[in-house]
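Residue numbers (our numbering), protein chains in the order written: chain H, 1 to 589; chain R, 590 to 920.
I should point out that these hints are in silico values taken from the structure, not numbers from a laboratory.
No residue lacks a Cβ here, since even glycine has one placed at the ideal position from N, Cα and C.
Do not take every clue at face value.
Coverage of chain H stretches by chain R, computed from C-beta distances (three or more under 8 angstroms per stretch; other residues unrestricted) [to be verified]:
1) 48-60
2) 184-190
3) 486-495
4) 513-522
5) 537-550
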Amino acid sequence: MHDSLRSLLRHRKAAVGGGLLLFFLLLSLVGPWFVMDPKDLVGRPHQPPSAAHWFGTTGQGQDVLAQTVVGARETLAVGFAVGALVTLVGALVGVTAGYLGRRVDDVLSLTTNVFLVIPGMPLAIVLGAYLPSGPFRMVAVLTVAGWAWNARVFRAESLALRGRDFVSAAVVTGESHSRIVSRELLPNMASLLGSSFIGNTLYAVGAQVGLEFLGLGDVSAVTWGTNLYWAGNDAALLTRSWWIFVPTGLCIALVGFALTLLSSAIDELTNPALRVHKPAPLPRGTTLPVHVDRPAPGVLLSVQDLCIDYATEKGPSRVVDTVSFDLAPGEVFGLAGESGSGKSTIGSALLGLLPSSARVTQGRILFNGMDVTALEGAGLRAFRWRQVSMVFQSAMSALNPVLTLGEQFHDTLAAHGRVSRTASYARARELLGMVGLSPDLVTAYPHQLSGGMRQRVGIALALALEPRLVIMDEPTTALDVVVQKELLQRMLELKQRLGFAILFITHDLPLLLALSDRVGILQGGKLVEVNTSEGLRTGARHPYTQLLLSSFPHLVAGDVSVTPHPSAASELSVARPSLRIAAIPGGHR
Amino acid sequence: MSAPLLEAEGLTRSFSVGGFFSRERRPILKGVSFSLQPGEIVALVGESGSGKSTLARLLARLDMPDAGHLRLAGRDVLSDDSAQASLDYRGRVQMVFQDPFASLNPVHTVAYHLERPLVRHGRVPKSGLRTKVLSLLESVGLMPADQFAKRFPHELSGGQRQRVAVARALAVEPQVIIADEPTSMLDVSTRKGVLQLLRGLTQERGIGILFITHDLASARHLADRILVLYAGTVVEAGRAEQVLGQPRHPYTKLLLSAVPDGADFLQAALPVRPATGLPPLVGCPFAPRCPVSEARCSTVPPPNILSAANHLVRCHLEASKGVTVDASVSS
C-alpha cells in the first residue's frame, strides 16, 4: 500500500494532476475569505478587468473573481460527493450481485440495466424539476442518474474474482459473506475503486455544470454552472464581455484535466502492460551478416554457446547460460527442466520469437548451417514454419476462436506463397486426416473440439508446410494421460512417415525418456547433462538429473514409500536460482 | 468397524446446459458413495470431466448435491443448513486447493491467512495467536517462521505457497482434509515434499485425507485406497495395490496403460476404441470406448460387483466372478 502511494507520487502525470487538484481544493476551502461577497453589486456592469476588479464585473455588476472563487466550493463539494456516492452505490450493488449470483444477481442486474437504458441527462432533468431545490438535490439527481454504469463494472470485476480459489478458500475457512466482500474482494479492487471515484467525480462536475447552465440548478446559488448560466442570460457574448465566462470555463477545464491525468496515472500504475519499461540496456551480441557455414554432416540444428538475457529493472538476468547441443535430421531431442530453467526460452529463440525484453547475447543457433539469430524481416518470415514450426502448450489460445479450422490452414498456407482457398482446404482435409481427425472438421470452430482434438489440429498446422524440425513446448501438459498417449503415438507415426525432427520441451522426465532419442537436462539455464534416453535411465551422472528421476513416483514396485531425500533436496534449494528470475514472464508449473 | 469419519452415499449433482430457456441438465456426478476412516488416505482418480472437482466442492460444502447423503462421524450434515452447523462442519473438514497461485489472497500476508481460521473458530485466545501461527508454519516446514509470517504470497515460490495453504487447512485442527490435486501445479522436485507432508499428517494426527488426482503413480504411493471415477460414477474401488496391481475394470486398465512409465510405454497400444462425443446416459458410460463391451453394456447399467474383499468393480463382465452388491453400499 505504501509502495503504491510512493510510486503514485513519483509518477509525473499523477504529480501534475494531483498538484492542480490540490490547488483547486485549497482555493475552494480558504479562497472565499479573501474575496468580496460574490452577490454584492459592487460596480458597474460589464466592466473589463481593472485594479479594483481583477477579473472585471458581471452583467449585473458583481465581482467575477469572487464569483469564480466562491463557485469552486459548491461545485467541487457536489462533484466529490457525487463521485463518492456513485462509486459506493455502484460498488455495493455490483459486488453484491457478482458475489452472491443467482436470484440476487438477476434482480440487481435487471435494475441496473433498466437504469442504464434510461438516458442520464433527461432523467436528471425530470428529477431536478420535481425535487426540492438545493445542493442535495443535485447530489441526489446525479447519483441516481449515474450509479448504474459503475455497478456493471464492479459486477464484472467481482464475477472474475469470485471464481478465484482464494474466495472459495475463505468460504471453507468459515468466513461470513460480508467479511468476504469487505476483506477479500474489495481490497483486490482498490485500484478500480480509486480510478472509478476519480472518473465519477469528473462525470459529476461535468453533468452538474451542464444542468446548472441549462438553468436546472439553484440559480440563486454561486457555482461554476450558475456563473455560466448568468453569463448567458446577461448577454456576455453579445457584449463581448469574455472576462465573465473565461475564468469559470478555464477552471472547469483545468479540474477536468487534473482528474483525467490522475485517472490515467492510476491506470498506468496498476496495469503493468501500460507502463513504459526502461530496463537497463542489454549489450547486443555482435551482429554478424547472415552467415552460412557448410553444415556438418548429420546435423540439422546446432545450438552453440547460446546465452539469453532478460532485461529486468535490476539489470540483465541470464536465463539461458552457454547452452550447446546438436540435433540430427529425424531425431527426437528432449529438453527437460522445471519452471525457470529456460527451456521455453530456448524454444522461442529457435523461431526468433523471444519477447522484446529478452535478447541473445552470445552464441549462435545454426539451422542447416544458417545462423537463425541473425535473421530478420522477410528472411525470418520465410524461415519460420517452412523450416521450423511449433506446437504450443495451450491449444485453445494457439487457435483463433473466430475462424474455422479451414480458414486457419488457409492463413498459414497463404502466408508462405500464393495458394487458392480451394487448394488450402484440400490440404487442410488431408492434414486433418493425417492426425486422425475427420476431414469434415475443416468447417468446425475451435470451441467445438475437445482439448486433445485441438492439440491434433495444432500438430496438423505445424506440419502444413512440411518443416524439417517441429518444436513442441509442453504440447500434452494440459491433456489427460490417455489422450496424451494417443497423441504421442500418432506423432511418432507421422515422424516415421515424414521424417521431420522434433525438439520436445517438457517438465515430465519419464515421458521424455520414453519418447526421445536423446535428452538434455536444464537447470537454472544451464544444460547440466545430455545423454541418450537409455543412458540417462540407467546411468544418470549429474545429481540434479538423479533428483529429477527419483522425484517421479513409479507405478511398478521398488520405491513404494515416499522416502525423503534430505541431501538431494537441500542441495536443490541452494542450487535452484528460480527465485532470482521469478519476475520473468513465462508459464509456471 | 465404527462409523467412518466421512461417509458419502449416492451423491448426485447435475448442471443445466444450454440457454436461459433450456430445461436440459447434464449429470456430473451419478450416485457416488465412499467412506473415509481416520488416518486414511483415499485417492480419487479420473480424467478431466469425470466429476472429481465437483465432488470435492460438494464435500467442502461449496456446493449442494441434488441428492444423496453426507455423514460426518455418523451424523447427517446436509439436513442442517444453519450457519452454526456450517461453521461447525468447516471446523472439521478443510480443503487444500489445486492452484496455490490462486488460493491465497494477494493483498494479505501469510500470517493473516493463518490467523483468520484460528480467530473465526476460536481455536486459540487472542494472546496465543502469534505463537500458534508460528508453530503452524513450522509444522509445514516453513522456517524461519517469523520471516515467512510477514511475507505476501507473491514473495513465495509455488511449493511454499502450497505449504501455507496446507497450514491454513491445519489451523482449525480438522479431522478431514480434501486435497484437490495439491501437487499438479508444482515442480516435480517440490511435489514430493508436499506429499510427504500430507502422509505425515495422517500418521501423526490421524487426519483422513481425500486426495484428488489424475496422477496414478502418486496415488499409488500416497493412498491406502483408490476410487476410480469415470463420467460421474465410481467404476472401481479398493485397496491401492489391488486396484493398480490387479485392475479389473477396462477403464482402470486403460488409465494404467497410459501412464508414462518405462521405456516401451509408447510401444504398447492403448486398450481403447476412439472416443465418440459425450458418454451416453443409458447403460455403461464407458461402453462406447470399451474394447470388450457387449450388447447389454449399452442398454443396462452395470451392477456393482464385489469381486474380492473390498474390491468393487462396476462392470457387467465381472458379474460371474463376484457378488453383486446393492449400489448404495459404500466401498
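Are there three or more residues in the region 486-495 of chain H whose C-beta lies within less than 8 angstroms of some C-beta in chain R?
holds (count 4)
Using C-beta distances, would you say chain R covers the region 537-550 of chain H, given that this needs three or more residues below 8 angstroms?
holds (count 3)
Coverage claim, chain R over the region 184-190 of chain H, checked by counting residues with Cβ within 8 angstroms (three needed)
Our answer is that it holds, as 4 residues pass the Cβ test (under 8 angstroms) against chain R, meeting three.
Can you take a look at whether the region 513-522 of chain H is actually covered by chain R? Rule is 3+ residues, C-beta closer than 8 angstroms.
holds (count 3)
Go check the region 48-60 of chain H versus chain R for me, would you? Three or more residues, Cβ under 8 angstroms, otherwise it fails.
Since three or more residues must qualify, the claim that chain R covers the region 48-60 of chain H is violated, with 0 doing so at under 8 angstroms.
Checked against the numbered hints above, the structure breaks only hint 1 and satisfies the rest.
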